[in-house]
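Peer 1: Numbering (numbering that gives the first Met the number 0) for the sequence shown: 0 to 147.
Fair warning: there could be bad hints in the mix.
[What the hints assert, rightly or not] Distance condition first, Cα-Cα at most 30 Å in a straight line; then the derived DSS-like pairs of lysine-lysine:
(1) Lys57 with Lys43
(2) Lys76 with Lys43
(3) Lys72 with Lys112
(4) Lys43 with Lys72
(5) Lys57 with Lys76
Source of the hints: derived by calculation from the structure; they are not laboratory data.
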Amino acid sequence: MNIKYCLLIVISCVIGLSVANSSMADDEEEKDNSRNCIQTRTLKSTAVVDDRNVLFVKIGNSVYHNRLPKDCKGLGKYKQFSYTTTSGSLCSLDTIRVMDATGRENRSCRLGKFYEITTDELRALVEESRNPKKADSQDSDKEESEPE
0 MNIKYCLLIV ISCVIGLSVA NSSMADDEEE KDNSRNCIQT RTLKSTAVVD DRNVLFVKIG
60 NSVYHNRLPK DCKGLGKYKQ FSYTTTSGSL CSLDTIRVMD ATGRENRSCR LGKFYEITTD
120 ELRALVEESR NPKKADSQDS DKEESEPE
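Assemble the whole structure, with the sequences as input and the hints as a guide.
Peer 2: In structure tokens:
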């Protein structure tokens with residue numbers, strides 16, 4: 000077997016694998032309905048749910064939920080934040096800064112992925128943030144009531 004032929008096979012396999020991986024990543028992103036970035040020029044407003052959940056309302060009223068990777072102390076209390084972007088997009092690796100009651104910027108927190116949510120999902124998220132213990136007890140009640 001000729002060395003050029005072997006190299007051609009290896010290169011073809013590598014290209015094939017990288018295309019397959021790229022395609023699988025696209026499929027996975029479509030399945031969970033997430034986005035890494037949203038364009039800031041399409042944002043109409045934002046709303047803080049609690050220390051870990053932020054809503055981004057776009058023009059046209061579609062709502063994107065961003066669940067931060069970690070709790071962002073003070074975010075739920077002050078309900079306001081700032082961000083800076085140079086690219087025109089807000090992305091999952093960008094940070095927001097909690098603003099206190101005087102408008103002073105404090106803690107910096109990293110964003111997570113953006114998930115488009117329905118009105119029902121929005122209601123459930125807000126309800127869960129108001130009654131976190133109630134949501135946990137309902138889940139455990141469901142588990143207890145399931146037949147074995």
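Peer 1: Any of the earlier hints contradicted here, and which numbers?
Peer 2: No hint contradicted; all consistent.
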